[in-house]
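J.: Sequence:
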Amino acid sequence: MSDVVERTLSALPGLLGQHDPGAGPGGAGGPGRVSASSRLGSLIRSITALTSKHEEEKLIQQELTSLKATVSAPTTTLRLMKECMVRLIYCEMLGYESSFGYIHAIKLAQQGNLLEKRVGYLAVSLFLHENHELLLLLVNTVVKDLQSTNLVEVCMALTVVSQIFPREMIPAVLPLIEDKLQHSKEIIRRKAVQALYKFYLIAPNQVQHIHDKFRKALCDRDAGVMAASLHIYLQMVKENSSGYKDLTGSFVTILKQVVGGKLSADFNYHSVPAPWLQIQLLRILGLLGKDDPRTSELMYDVLDESLRRAEINHNITYAILFECVQTIYTIYPKSELLEKAAKCIGKFVLSPKINLKYLGLKALTYVVQQDPNLALQHQMTIIECLDHSDPIIKRETLELLYRITNGQNVIVIVQKMLDYLKESKEEYAIINLVGKIAELAEKYAPNNEWFIQTMNAVFSVGGDAVHSDIPNNFLRLLAEGFDDGKEDHQLRMYAVQSYLTLLEEEDKLYPQKFLQVMSWVLGEYFSLVPDVDPEVILAKLHSLLKKTFVTSETKAWIMAAVTKIASHTSCSKTVDELIQELSSSLDTCLRQYAFELKHLCEDKALMKSLLPFDASCTDLVVDASLSFLDGFVAEGLGHGAAPYKPHHQRQEEKLSQEKALNFEPYGLSFASSVSSSGVTGRQSPTGLSFGSDTSGNSAETGHKETNTLKLEGVRKLWGKEGYLPKKENKIGKGNEPQTVPCGSLLAGQVGEPPALQPDPSASLSEEDKEKQQLASTLFIGLGSSAGVSLMGKADTATQKFKRKSKINETQPLSEEASHLQNSAASDFGPLLDTVPINMEDSEGSMCTRLRKASPCSSDFVEDNLAFEAPQSLRSSMLDDRLSANRLSQSSLFADSNVEIFQPSPSAQCESASETLLVPSLPEELEELPHSEVVGLCQSDALALHLCKVWTDDSLLLIVFVSNKTTSALCAVNLVFEETEHFQILESATSQFPVIEAQSVEHCQKGMRMNKVCTQAILSGSVAYQSETEAHLEFSVTLSLMDFIRPMEMTTEDFGKLWLSLSNDVKQNIKMSSCQDSLSAALDTLQQKLKLHRVDIIGNEGILACQLLPSVPCLLHCRTHSGMLALWFRSPCAALPDGLLYQCQKVMEES
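So for the sequence shown, numbering that gives the first Met the number 0 puts the first residue at 0; every next one is plus one.
You may find that some hints are simply not true.
DSS-like, lysine-lysine: derived pairs with alpha carbons at most 25 Å apart [as the list claims (entries may be wrong)]:
id, residue 1, residue 2
1, 352, 342
2, 485, 507
3, 255, 342
I should point out that these hints are in silico values taken from the structure, not numbers from a laboratory.
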C-alpha cells in the first residue's frame, strides 16, 4: 500500500501543474511564475500555521476574493482556470462556499483539454448535487463526451453520470450508455454498468427494459464488469427474488470460481480471493434460497467450501464467515451446514477480541429466531456481555435479549433495558431502546400496574427524544380500550392515580411529552377517581401552567385538559383565576384559549355537548364536499363570479396564453432512444396549446403516500420451534412423540438442553451464582418443551393488551405473505392522488356483473398467469427439514411464468383417479375471456385449481376444489388473505359443507386493484376435515393488466379530460422493424394492453384505458425518427408508470 501512496504523492504535482513552462524549479517562467502545486501547498501551509478559527476564516475569505477576481477576468487562460479550480476545491472541502466558481467549473469541463477537462469534471462532481439547476448546462457536454472516440473522455463522462446525474436527464444519455455495454474496453463496460446501477436506484422504471443487457454484463468475460453487475442484481433480487431464480446456477458457478482462486491475483486482499465479491454473492444467494429447497440445494456445496476456505485469521475472512452464517440460516436448512455455522457463531461469541464478540452477538441475534436453543448454549457469555465495558457490546446484547423476550422474562429484560437507558447519553440509542421497551410493555405486560409504571419510566428517561408515535400509540391504546371493559376501567384509573401522584412533587422536572400525556389522561378520565376532587386536579394543572420550563405546546395540552374538566364541574375558582390570568398573557394562543374557555363556561349545556366524557374514539362525520357553502357559492355565481378552477387547470390556461419557449428537440443526433425531459412538449394531443407545471416523469409524484408507522393488528407467525414454513397442520395428531430440538442436534446432544443439565453450583462463587440466577430468569421459555415463544412469534398465551377494533381496520397480511408482496410487487404509491372521475360503486354481487368483456390476447394470458409454490408443501418442523437433506422426487417445473406442483411418488399411484377430476368453467363463463385452468396446490386428499376470467368491471378468480379421495370431505373452508393491493368485492371466505368423493366444487371471487403495482401476491388457505383437520396454503400472482380495460370516448372528450389530469410521465421507445408505422405500433398496444384507440391525426395517435372500476389513463403517441414518443396522463400518480413499463415490455417483445 505504501508504494501506491508514494506514487500518488509524486504524481500530484504533475496532476496540478504539468505542461506548465514555469512550474518546476529552474523553469523558464521567471520568479513570478509558480506552479499550481506550489500555490496550493502555500495555501495549505498557511492554514495549518494558523492558531484560531477566526484567522482561518479571514485567510480563506481573502483567498476566495482573489480567486473570484481571477476566474472572472476575461484574460484568464484555461491553464490558470484549472489551477484556480484546484484551490476552490480545497476551500469548498473546508466548508466555505465558493458558488461563484460553479459555472466556471462547468465551462472548464466543456472547453479544456484532457487534463483541464478532468479537473473541471472533478470540480463539478464535488461542487454540485444531483438536483442542482446548473447541471442542465452539463448535459450536452456529457452527451458529446460519451460519443467521443477518446477513452479518457468517455470514462470521465461515465463517472460524472454515475455520481451526480439527475433523474430528469437520464433519457438524454441512457441510449448512449446502453451502447457502451458492448464496448471493446473493459473499463468502459464496467463504468457503464455502474452508471446503470445509479439509474436503477433513482429511476428504476426507466431501465426496466434493459434487464437482458444486465444478464450479459453478468456473463462478461471481464471479472470487473461482472462484479459491477452484482450490485444491480442484489438490488433487483431484494425487490423480486422469484424473478431471478433461474440465475441461481450462474451465481453459484461464479462463487465457486472466486472461492477456488480462479480470478486474477489483482482481486486478492490479504491472500483472500475477491472478498467483497464473495460477500455480494452470498447475500444474493441468501435471498434466492429463502424457503426454497430446490434452489437451496444448489448452494450447499459452495457454502460448505466457503466456510472451509475462510480460515485465515483476518478481519476480511471474519466478514465472509459472518455472511456465510447469515446465508446458511436464511436458505432452506441443511443439518451439516447449520452445525458448522453454529460452531462459527460460538467461536465469535467466545472470542476475547471485542470486534469478534460483537460479530458473534450480531450473528446470534440474527439466527436466534430460527434456533432459540443456540442462545441457551451461550447464556453465561451473554450475561457477561451485559456488564461489558464496551457500550456497543451492551447494546447488541440488549438487542439479542429483545429478540428472545416472552411473557415469562419480560420484566427482567425490560429492567435491563431501562438500566442501560438511564446510563446512555446517545440520542440514537435512547430512541431505539425506548421504542423497543414500549413495544415489549404493550405486548407482554403481566398487569396494569407494571405497564403504567414502565411507560412512565420510558417517558421520564427517554425525555423529548421519544418518537411521537410512542405517546400517540399509548394514548390511543388507553382510548380504544381492550376486549374487557373491566380491564379498560382499571387501566385508566391506575393511570390517573399514577399521574396525580407524580404531580405531587412540586420541583420535579418532567419531559414535555410526558406532561402532555399526563394532561390528556387527566382531562379525559379524571372522573374515574371519585375520591379526588376535580378542583384538586385543576389546581395541579394550574400550577403547571405557571412553570417556566413548560413550553407553549404543552400549555395548549394543559388548557385542553382544564376545559374538559371544567365542562363537568358547576363552578370553579381555579378556572376563574386561570381565565383572569391568561386573558392578559403575552402568548396569543393562551389568550385565545382563555377567551374560548370563558365563553364556554357561560353556557354549560353547550360545553357538555361539545366535550362529552370518553368520546375520543367517537367517529366524526366530516362534510368533505363543504356543502354548507353551497348557498354562498350560488350567491357568488349569481352575482357574476367566475367558477372555481383547480390550480393545474389555471396553470395550463396561463401557459397556453403566453409565448412559452418550445423545448421540443428538432431531431435526434443519435439513433437510440432519447426521452424528452420533464418540460418538453407543450402541444396537446387534441391540438390545443398548453403547458404543465407538473409534467415530467412521475417518479416524484408517485411516492406521495405517507410513511407513518402502523402498529395496530400486528400478527405473530413464529412457531415455538423457530421460523418454520408450514406443512399440512394435522391438528388431530397431538400425541405424537416429541422431536429432537435443533439446538440439541447442533450441540451433538439428544438429551436435555444445556439449561436443564446438572447444575454444578456447589463449587461456584457468589458472583457466578448470581449470573446463573439471572440467566435462569432471562432465558426462561427458550427450551424445546416450553410453551412460550420468541419475540415476533405466535405465543400460545394471549396478548395482555389486545386492542378491540373500534374502527374498520384491514386484517394484516401474514409475515410470509408480506414478504412475498414486498419481493414481487413494485409499489407506486397511493391509488388516487385526486378524486377519481365518475367512480362507480364497487359493491354488489358478482352474479349480476358478468358481461361480455373485450377480447384478450393469449399473450396477455400467458404473461400474467403465475402461481407460487404452496407454502403448505413445506415441512412443519425444523427437525423434519433437517432430516430431509435430499429433495424428494416431487419437484416444481417451470413453463413460461407458470409454476405447477407435481404430486409425490406416493400420490402417483392414484393418478388414474386424479386424471378424472379435470375442472372446467361453468357454461355461463365459457364465452368470457379467460385463462387456462392451472393447479394451485394439492395434498393426498384435496387439490386446488384456478382460472382467471376477465369481465368488463372486475377480474373473476374461479377456484376449483377437487376431492381426490373415495370418501366425502367435510367443512371445507377457503379463505383469501386481505391485502393492501387488492379489494375482494365479496366475502373473502367460501365454505363447502360437504364435497363428495371424486367430485369438484368451485367458487368465484371478484377482484379489483386498490393500490397500483406491476404485480403482487394474493395469498390464501383452505382448511378441510378428513380423518383429521388439515389445511393448505396457496398464493396467486395478479398483474396490473388484469385490471386494465378499454375506455371508449370521443376526441373532444379526450381533450377535455387531458387538461384536467396532472400526473404524467413521458418516454421515447425505439420502434422495431415490424412496427414501421404509427398504426402498426398502436395496433400492438391496443391488442396486448387492451387500450381503446380514440383517433389518429398524422403522426400522432391517442388511446384511452381505465383501471377498474373507473380510473382513467390517457396515452398520446407520436412518431419521429424511428422513435415512438409516449405521454401518459392519469389522476393516479402511479398508474402511468405501471402502464409505461407494460408498453416497453410489449414493444420489445413484438
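J.: Look at each hint and say if it fits the structure.
T.: Consistency of the hints with the structure:
Distance restraint check for residue 352 and residue 342: the Cα-Cα separation of roughly 17 Å lies within the 25 Å cut-off, and the hinted pair is therefore satisfied. Restraint check for residue 485 and residue 507: not satisfied, since their Cα atoms lie roughly 33 Å apart, outside the 25 Å limit. Distance restraint check for residue 255 and residue 342: the Cα-Cα separation of roughly 23 Å lies within the 25 Å cut-off, and the hinted pair is therefore satisfied.
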